[in-house]
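The task is simple: from the sequences and hints, build the whole structure.
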Amino acid sequence: MSYHITRKTEDQSSGVEYAITKGKYAPDENGYYGRFGGAYIPEMLHRNVEELRTKYLDIIYDPSFQKEYQQLLQDYVGRPTPLYFAQRLSKQYGAQLFLKREDLCHTGAHKVNNTVGQILLAQRLGKKRIIAETGAGQHGVATATVCALKGIECIVYMGEKDIQRQAPNVARMKMLGAKVIPAISGSKTLKDATNEAIRDWMAHPNDTHYIIGSVVGPHPYPDMVARFQSVISKEIRWQLKEKTGSELPQKVIACVGGGSNAAGAFYHFLDETSVELIAVEAAGEGVNSGKSAATTQLGRDGILHGSRSLVMQTEDGQVVEPHSISAGLDYPGIGPMHAHLYDSGRAKFLCVTDEDALKASFEVAKLEGIIPALETGHAFSALRQLELKETDNIVICLSGRGDKDLATYMKVMEQNAEL
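Add 4 to the 1-based position in the sequence shown for this note's numbering, that's all there is to it.
Because the hints were derived from the structure by calculation, they are not lab data. Hints should not be assumed to be uniformly reliable.
Computed cross-link-like contacts, DSS-like style, restricted to lysine-lysine with a CA-CA straight-line distance of at most 27 Å [said to hold, decoys possible]:
id, residue 1, residue 2
1, K245, K71
2, K165, K183
3, K95, K363
4, K165, K295
5, K59, K71
6, K295, K245
7, K352, K95
8, K165, K178
9, K183, K71
Nothing here was measured: the structure is a model prediction, and the numbers come from that model.
See the structure below:
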């Protein structure tokens, strides 16, 4: 089956059609973005992955699928999410700052855009059981949510360390009927949860669908997740035109761990070279501190979780344990699409420390009355590293709300009264 096709979807809010084309930064028929991507999987998973590869495009662009998907995005998820002009933040940084409010999605983050799509896909593939991995817990909550909606068994793997620091999301998953299984190996974070989910999938190849939460994993997952998240940039274009008269901002900024919110925010701007794409990674305690997750600064070509990408690793190929104060960015790699955007120079990659991300999060809370997720705090902090003009229209993907991070914020406030 060839993937060199053009599909069109119509945005109900604007009547504007967006062609989902195979441009310069899209994967080839084998799932490669430049030299990154592909499907490096055990033989036991070949049938599952091949089933997805050969069927996903025909399923997700079938009119009946699109009708149900678009209806759920509107009535269940709450789309379109607002594109909010942040007046006080704009004054602070001397540019026109617009926040894409994914924090207002049902469940509190962008993750649900993808899980709604994948649960509908799983149903059409006849799967009776869903597994997922989660770091910050938002993808786990979004997966548990759609499984409850459709009455399907849900198993979520989560690092033991993340279970402790994201307790509210763990409670939400359990309340929604999901079984949360701790990953107790390695750093006990997202990487290890992903390892456990893959082992589960290998043990249950016939009846189980693995809802991967980011643009990582074997092809077709990076492309499929990016397509489901592309609704973010599709909306940005028509919303920005309504507000400014132009669909194209000067810059789009998003945080990157695996990279799903960034993939969604960048998607419909990839071939618009006048738009600068800025991806922000977690520097942790410092890029060279030994406690970082800045993959583009520290990583090199390698295989992780089924695809070739940039991976933080030792000289002999062992994965280096990442660190970030934000559980959603605590990952030792990035998706192959982002590796290609970095390698090709199409996107600019910055990194932000734990401390600076915290400061930016408190600043946004006090200036705009919005408490962002710590992940998004990294994107806001990047503003300090950029040369901005008052006429610049800049869009920041506010990927999630800070409810899940309140324990961390409270701890910081106890230690530093000035914040």
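Against the structure, the hints:
1. Distance restraint check for K245 and K71: the Cα-Cα separation of roughly 26 Å lies within the 27 Å cut-off, and the hinted pair is therefore satisfied.
2. The straight-line distance between the Cα atoms of K165 and K183 is roughly 17 Å, inside the 27 Å bound, and the hint therefore holds.
3. Proximity of K95 to K363 is assessed by CA-CA distance (about 17 Å); at most 27 Å being required, the pair is judged to hold.
4. Under the criterion of a C-alpha separation no larger than 27 Å, the hint pairing K165 with K295 is consistent with the structure, at around 15 Å.
5. Restraint check: the Cα-Cα separation between K59 and K71 comes to about 18 Å, which is no more than 27 Å; the hinted pair holds.
6. Distance restraint check for K295 and K245: the Cα-Cα separation of roughly 41 Å exceeds the 27 Å cut-off, and the hinted pair is therefore not satisfied.
7. Taken as a hint, the K352 and K95 pair is honoured in the structure, with Cα atoms around 24 Å apart against an allowance of 27 Å.
8. At roughly 17 Å between alpha-carbon atoms, K165 and K178 fall within 27 Å of each other, so this suggested pair holds.
9. A hinted pair counts as satisfied when its Cα atoms are at most 27 Å apart, and K183 with K71 does not qualify at roughly 30 Å.
Checked against the numbered hints above, the structure violates hints 6, 9; every other hint is satisfied.
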